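Take a look at the letters that make up each chain.
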Amino acid sequence: MKILTTPRMDRCIGCHSCSMACARLVYKRLSWDTVGIRIASSGGLSTGFEARNCLACDPAPCVLACPTGAYSQRKGGGVVVRKSLCIRCGECAKECPVDAIYLDAEGEPFVCIHCGRCITFCPHNCLEMVKVAVEETIEEADHD
Amino acid sequence: MIRDYFRVLVVDLSTGRGSVMSIFEGRDTFAGGSGLAVHLFNKYAHFDKPWNDHEQPLIFSIGPLTGYFPLMSKTVCAFKSPYHDQYAESHAGGRSALALRFADIDALVITGKAKRPSCLVIGSRTLELKEVHYLWGMNVYATGKVLRQMFKGTGHRSILRIGPAGENGSAMAGINVDSYRHFGRLGGGTVMGSKNLKGIVILGDGIFPLTESKEYPKLFQEVYKQLTDTDMMSKYHNLGTPANVVLLNDLKALPIRNLQKTSDPEIQGITGEKFAADALLRNAACAGCPVGCIHIGFIRERFKGEHRYLYRQMSYDHEPIFAAGSMLGVTNYSEVLSLIDVTEKMGLDVMSACVALAWATEAIEKGILSEKETIVPLRFGEAKIYGEALNHLAYGANDFYRLLTQGTMKAAEHYGGKEFACVLGQEMAGYATGEVFFTSQALGLRHSHLDAAGYSYDQKPKGKTVSDAVNFLIRDEQERVFLTSLVACLFARSVYTKELLSQCLSSVGYQSLADNIDSVSSNIQKLRWKTRIETGFDPKKVSIPKRFTEITTWKGNIDQDFLKSLQQEYAQWISEFWKED
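Protein sequences, first through last, are from chains P and Z. Each residue of the first sequence is one higher than the one before, counting from 3 in this note's numbering. Each residue of the second sequence is one higher than the one before, counting from 2 in this note's numbering.
Bear in mind the hints are in silico, worked out from the structure with no lab data behind them. Model, not experiment: these values are computed from the prediction. The reader is advised that the hints may include incorrect statements.
[What the hints assert, rightly or not] Pairwise CB distance ranges (calculated):
| # | chain 1 | residue 1 | chain 2 | residue 2 | range |
| --- | --- | --- | --- | --- | --- |
| 1 | Z | N239 | P | V136 | 29 to 37 Å |
| 2 | Z | A278 | P | P9 | 48 to 56 Å |
| 3 | Z | S371 | P | N127 | 31 to 39 Å |
| 4 | P | M11 | Z | R126 | 58 to 66 Å |
| 5 | P | P9 | Z | I475 | 48 to 56 Å |
| 6 | Z | N239 | P | L66 | 46 to 54 Å |
| 7 | Z | K367 | P | N127 | 52 to 60 Å |
| 8 | P | L87 | Z | K236 | 46 to 54 Å |
| 9 | P | E110 | Z | L501 | 31 to 39 Å |
| 10 | P | M131 | Z | A278 | 47 to 55 Å |
| 11 | P | P61 | Z | N239 | 33 to 41 Å |
| 12 | Z | Q150 | P | N127 | 29 to 37 Å |
| 13 | Z | K236 | P | D101 | 34 to 42 Å |
| 14 | Z | Y310 | P | N127 | 30 to 38 Å |
[What the hints assert, rightly or not] Take a look, some chain P residues computed to stay more than 12 Å from chain Z by CB distance:
| # | residue |
| --- | --- |
| 15 | K4 |
| 16 | L32 |
| 17 | S33 |
| 18 | R40 |
| 19 | G50 |
| 20 | K85 |
| 21 | I89 |
| 22 | K96 |
Note that CB positions come from ideal geometry on N, CA and C, so glycine has one too.
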């Protein structure tokens, strides 16, 4: 299983190509908000850029907070989203410790699904998919 | 948002209220950007009233492809100019274009005058005029810092603001966009100042569904690949435009010391290579552009003993380096950056301001001016003194600076020295390539080196006729005006061919524009010239100062007959073209 990481954000030039690719290809929108990776400057452009994206928590606080099962734990970290189950309560976004979940005006949550489609659009290789170990036996043990 | 009309937010600063207008006329004939700006100028401006009449509009517009394709990342700003009281356009990037797109408007029109210094905040669900008297007098950087704290939307907003130059009526005051980009030329900053408008915050918080077309994401991918695979990345990202400094110097086409020279070995201290090696801190990009042509340099200054330093960052390009460097005889990169920093803080257009000071320096050398006027002893190469003079220019420190800041030629008409004022419609850009460029800037609609590639035509083999050159300027302007109506960065012009633009427009649903690029381009070109002329421009009265005929380039002396004929024929075309049906 792989997760999206942002190991070289110090190279970021703030072009937003990753965000726009996510919006276009994953969420079928034109936006830099309803995306799984949002780029922001901290304290103005003179200080460089940072990415707001899912850090692939396991267990994920957003999953624990979700009352309907719209968010479930993704193997390797992060969430699997079942949009049809979402009641737009916003609890997931409230619980995310790194502000990685964006709620649109109607309260629909948008989060990174670790698909990696944004990566090829970064001109400076800031992003990377990283393989993570999936310890399936632990999950099984928990049920025993 | 794809729609068959223009969605325009019109804000009246005198009431703090606005209305969202749906303008159905023009979507298929003026496209957006430059075309929309001039269309709106005709709708909202008062041609018979001066630029500073409160009813005059300040317009910002984007185009049908803004945000939909890479490098469709610029905004057009239009206004009646304090520089010549005629129609003017200035273009900038930063985040302004995408922020306007996501604010869900094709254009913002600002009329009226705020009762007190104010900041306008707009977004897809926001309209607020906030009184900010405490920011008046503050420099551009400090203003940006406070505005960033005051308003939400970090990362997905654009902050436009002015400095002291715009507050003090300078016709050389620009509008700073997101610290490193500018609506620099022709005094847009003073239009804001005259409206008591210190800043504009554009929140890009709208979200749009994308077209169902499968063609669009596929085409995006192809365009993106072309733009990032070609030599553009290298040309604009590597050394960037400062690569021109050494190329032009080798060609004997770099304006040096008020264009007294066109080549000098001393410029080795300010070449693109020198900046990249010793001053380049990092690159940045306009939102929506993977090229990242913005070069940010840094300087550190020791302000106290015991190794107490401060550091500053500022963007640099060929034009600021020519203006604050070679034109003023400053050949140390660090000193050039210091001067750029002063113009940034003051909110002055660096090209206009430094070319004006170059003229004043030569006027002192010739005894036309003295320190009585200039306050400080201007001398080529003396960066520290120029830093002080730029402050005097921004604040209008005395009668001399108050006149000079209205335009170099206005000061030259009063004090003398018109023959060596490096003015081609406005203060010259950094190319002394010859007759075609001089004609292009002097007569171009924006008096910009970007109106048409005259500097490139000058470098083609000799033997071309006057008609060849004029036809080139006309055709090139027409192609560029379509790009600036979409609104593309002109760095992408080699990739965005007419055929590709047609495909792009078609893929997102603008079929009529896709099918009629030639006629739409011609419409826009015509309306822009009509508007310029009806606001007072007479192309036949433009004169090119003697200095431009005295230089020697790699081609030898300037061909004065050729220059004169070019000027006459191009002026004749401009005078007639806009009247055609």
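* Enumerate the violated hints, using their earlier numbering and listing them in ascending order. => 1, 2, 3, 4, 10, 11, 16, 17, 18, 19
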